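Chains as they are written, first to last, in my numbering: chain A, 1 to 240; chain B, 1001 to 1466; chain C, 2001 to 2231.
These are computed hints drawn from the structure, not numbers from a lab.
One or more hints might be untrue.
[As the list claims (entries may be wrong)] Restricting the straight-line Cα-Cα distance to at most 20 Å, the calculated cross-link-like pairs of lysine to any residue (SDA-like) are:
no., chain 1, residue 1, chain 2, residue 2
1, B, LYS1357, A, GLY177
2, B, LYS1150, C, GLU2084
3, C, LYS2049, C, LEU2212
4, B, LYS1025, C, LEU2212
5, B, LYS1037, C, GLN2181
6, A, LYS24, A, ASP72
7, B, LYS1037, C, THR2230
8, A, LYS182, B, LEU1018
9, B, LYS1459, B, GLU1445
10, B, LYS1301, C, GLY2060
11, B, LYS1416, A, PRO37
12, B, LYS1357, B, GLU1393
13, B, LYS1250, C, GLN2181
14, A, LYS182, B, ASP1012
15, B, LYS1357, A, VAL181
16, B, LYS1108, C, ILE2124
17, A, LYS57, B, LYS1416
18, A, LYS24, B, ILE1460
19, B, LYS1280, C, ILE2124
20, A, LYS148, A, LEU120
21, B, LYS1020, A, ASP185
Given the structure is predicted, the values throughout are model-derived calculations rather than measurements.
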Amino acid sequence: MHVSFFSTCLVDNIFPDIGIDSVKLLERLGCTIVFNPQQTCCGQPLANSGYQQKAKKSMHLLLDTLLEDEADYIVAPSGSCVLQIKEYSTLFADDHQIADKAGELAAKTFELTDFIVNVLQKDRVESTLRAKAVYHPSCHMTRLLGVKEPPLTLLANVAGLELVPCKGQDKCCGFGGTFSVKMADLSGAMVAEKVDNFIATGADCVIGCDAGCLMNIKARLERLNHPMQVLHIANVLAHS
Amino acid sequence: MSIQTSDLPLHDRINTELEKPFMRKAIANAQDLLNQKREDVFKELGNYEQWKSQASAIRHHVLENLDYYLDLFSSNAEQAGAHVYFASTDQEATERALAICQAKNASKVVKSKSMVTEEIGLNEVLEDQGIEVIETDLGEYLLQIDNHDKPSHIVVPALHKNRDRIQQVLQEKRGYDGDNLPENMTRFVRHLIRKDFLEADVAITGCNFGVAETGTCTLVTNEGNGRFVTTVPKTQIVVMGMERLVPSFKELDTMLSLLARSAVGAKLTSYMTLFTGPKKPDDMDGPEELHIIIVDNGRSKVLGSPFKEVLKCIRCGTCMLECPAYRHVCGHGYGALYPGPLGAALVPVLAGYTPFKDLTKICTLCGACNEVCPVQVPLYEYIYEHRRIIAEEKQLEGRLEGIAMGLYGGIIGNAKLYDMTTRFASVANISPKIGPLKQWCKNRERPHVATQRFRDWYKITKKGQK
Amino acid sequence: MMHTNKKNFLLTVSRALGREAIADNPTSIDLPQAVQEEYYQNTTAQELKDLFIEQSRTAGTIVHECALASLNDTILTVASELGEGPILIGDEPLLHEQQTAAALSDKYTHVHMWDCARGRENNIDTAESAGIGITVAQFALAETGTVMVHSHKGCGRAVTLLPTTTIFIIKETTILPRLTQGMAWLAEQSQDGLPASVNYISGASSTADIELVRVQGVHGPIKIAYIIVTS
């Protein structure tokens, strides 16, 4: 199975290990990976701030880049960026040709865990993590993309991993892309409460599926000098 | 009050609220408690999604036929003996209400909780003419006597005040000498307001739902003030937003079945009062005259816009209870009468983008509101679209932001430029904390940019393999 | 002839909806299946009564059951437990038949009946000074522990609002499943004219406006009791 990997800009620049672990994991599961270096960013930071026109150049570029290799699927380790890609057809609704292409891309683009569980049909990936962890369901991925169960299914089958519940578990961490800098005080208050709730669980680590939320959570934990580890689900699943 | 409730700029409002630990804890507790109760009652009811889609379809149908149902409602209300007036603007509505009060030589007016009367600034107009106006909802009353403080939540308006503050206000303004127990303070206010109820010349109420087929108005309360205002005063004025209709009692069942469950996590409120016309000749109580003022005040503009579904809203406040941003800044942070996701979706199109462009910023686009709205208003989509209109169509965000965003768009729109820029992005790890980084770092450490990007690793590794 | 002001107002609405004239008829209402019809299909009368009692008690309402023969005794017991006189009684056929006013007069000095011959102020004053109001509910709703009363010649709105305590008499046979049936009753009544005021009451008046602490008794009764008359 040929998979074109969309790393997302945050993973490319801030958390390359998430990309590396995703690629290793997918290869272990029998996929052949291509990474097209023409890819940049899905344009979400601009679009969510209201600047859709200014985002369209990057969206065009990503459309062409991800379809270029004619892979069977496109996989990204981020529900939020996948959601953005799936919205391209609406954003380009006034241009049928592009909208059709966007539709084609949307149909074969999957978030990493959704891909493993629902395309590769694997509930377990033979991985081990001896730790007590709290899971953070990212808003875009669970509510808007609708991918709720796959990460939980996969995490439930990680050897040695104990998942603990947390107060306000499905509440937003306060990242919100440009919200985190435009509304920094409010965003900071939100992540502070979120992280306090994580810490109260006594977990060793927090696991999530979106680099944006994880960056936010990690930055708060570091401000508190707290040893809780922040892991992307790819980091967990790649290690047996 | 009017739609705008604060003169402070956005960040001042937000920071003022963030520095109120009691308020934040109270709102957080209210969210947690009421959301749990709501989940429980809906679980018990079952068929959550079917109920919501039915309620949404009813409200959608009413909006699609609003001219027809307004005609039907007003004809039937008149048939039942009510006087019906149509007010296109806030001013027309307040003038009408004032004229009715003056015709009755009213010196004292009692009100039950109503958002639309606050929207049109009715109290101020009446008070300016020397008419005493008493808010009878306990929460609204406590705000009113505390120098007209503003509501922090549309259902539980005084949630931001703790019992000590309330005790102090009652002492200073009403001579209360009891303790700070909610029960005792409530009892004290009960006696005060009861006197007002008995003395008032005119009662003013809102209307949760008007039933078009019969001209009936519905008032939903827990405290019983909705009943009092329809029992003792001889003249009653109902002020209703023009979209607040259902076709018949059959649809009212659906709406009422969802309203209390959504608003306060209860199956029903203590009272649902349905009144049709003034009292009958052999009724010994109830209003002798019933006046219904139907208000547009921007609603027809919303109806003709791509945002018309926001008029489906039944003012339950669930979106606010679910909103993670509202949680920290309450209604006051928004500076608008309608706060939270509803406010962000409604107010810019109801009352103008320029004064209210900042409402949509108090949102992480997390989508939690969409999931719980009992009438399926696409709040997320509307807020998203408002942001586009504000930034690109109306260009209200300032040149600097536009330039910065354009620059960013230019970089990510060009693979070579992106590659060049990000190759050296790790200098940000030692750059001074200015601009967005400074903002980010108020409560967090700076994110560490990798010296070897993912694409660099991929290039090296895959070359080695080949 | 439609008033100009109304016409202009409605036309603005019509135009917002993309038409040049006020719609003569509504579009057909395309509702998903009426979900409420699925509820309480096979529930027995006994089950409805049990549910009604359970829901009412959860809301803090005191519930008693009695046979018709012991109604007055039960009212006396409940009244003495919950409050003090004076007592105000709705002029209802059931209470007439049972001579409830006379029975209560043995124990209470002031027992009044809502009386349309005595005029507005008089009736309201009596209600305001009464400690206990008693009337018969038109029907009850099991799902929510609700009773329905409406204004009429024999019983005003004040009877169940102004006294500190209200006692509702409910005939066992009038316990309906849920609001759906309550609304169906209104739809039926609207054929011959609705009462001016219809009230669905689910417990005592209450508030949670101070720190979300529930307090019973704000503007309406502080205590509520139901007496179910078995048949």
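Hint-by-hint comparison with the structure:
no.: 1; hint: LYS1357(B) / GLY177(A); in the structure: holds, 19 Å
no.: 2; hint: LYS1150(B) / GLU2084(C); in the structure: violated, 40 Å
no.: 3; hint: LYS2049(C) / LEU2212(C); in the structure: violated, 31 Å
no.: 4; hint: LYS1025(B) / LEU2212(C); in the structure: holds, 12 Å
no.: 5; hint: LYS1037(B) / GLN2181(C); in the structure: violated, 25 Å
no.: 6; hint: LYS24(A) / ASP72(A); in the structure: holds, 18 Å
no.: 7; hint: LYS1037(B) / THR2230(C); in the structure: violated, 34 Å
no.: 8; hint: LYS182(A) / LEU1018(B); in the structure: holds, 16 Å
no.: 9; hint: LYS1459(B) / GLU1445(B); in the structure: violated, 30 Å
no.: 10; hint: LYS1301(B) / GLY2060(C); in the structure: violated, 46 Å
no.: 11; hint: LYS1416(B) / PRO37(A); in the structure: holds, 10 Å
no.: 12; hint: LYS1357(B) / GLU1393(B); in the structure: holds, 12 Å
no.: 13; hint: LYS1250(B) / GLN2181(C); in the structure: holds, 9 Å
no.: 14; hint: LYS182(A) / ASP1012(B); in the structure: holds, 13 Å
no.: 15; hint: LYS1357(B) / VAL181(A); in the structure: holds, 17 Å
no.: 16; hint: LYS1108(B) / ILE2124(C); in the structure: holds, 19 Å
no.: 17; hint: LYS57(A) / LYS1416(B); in the structure: holds, 13 Å
no.: 18; hint: LYS24(A) / ILE1460(B); in the structure: holds, 15 Å
no.: 19; hint: LYS1280(B) / ILE2124(C); in the structure: holds, 16 Å
no.: 20; hint: LYS148(A) / LEU120(A); in the structure: holds, 17 Å
no.: 21; hint: LYS1020(B) / ASP185(A); in the structure: holds, 14 Å
Violated hints for the displayed structure, listed by number in ascending order: 2, 3, 5, 7, 9, 10.
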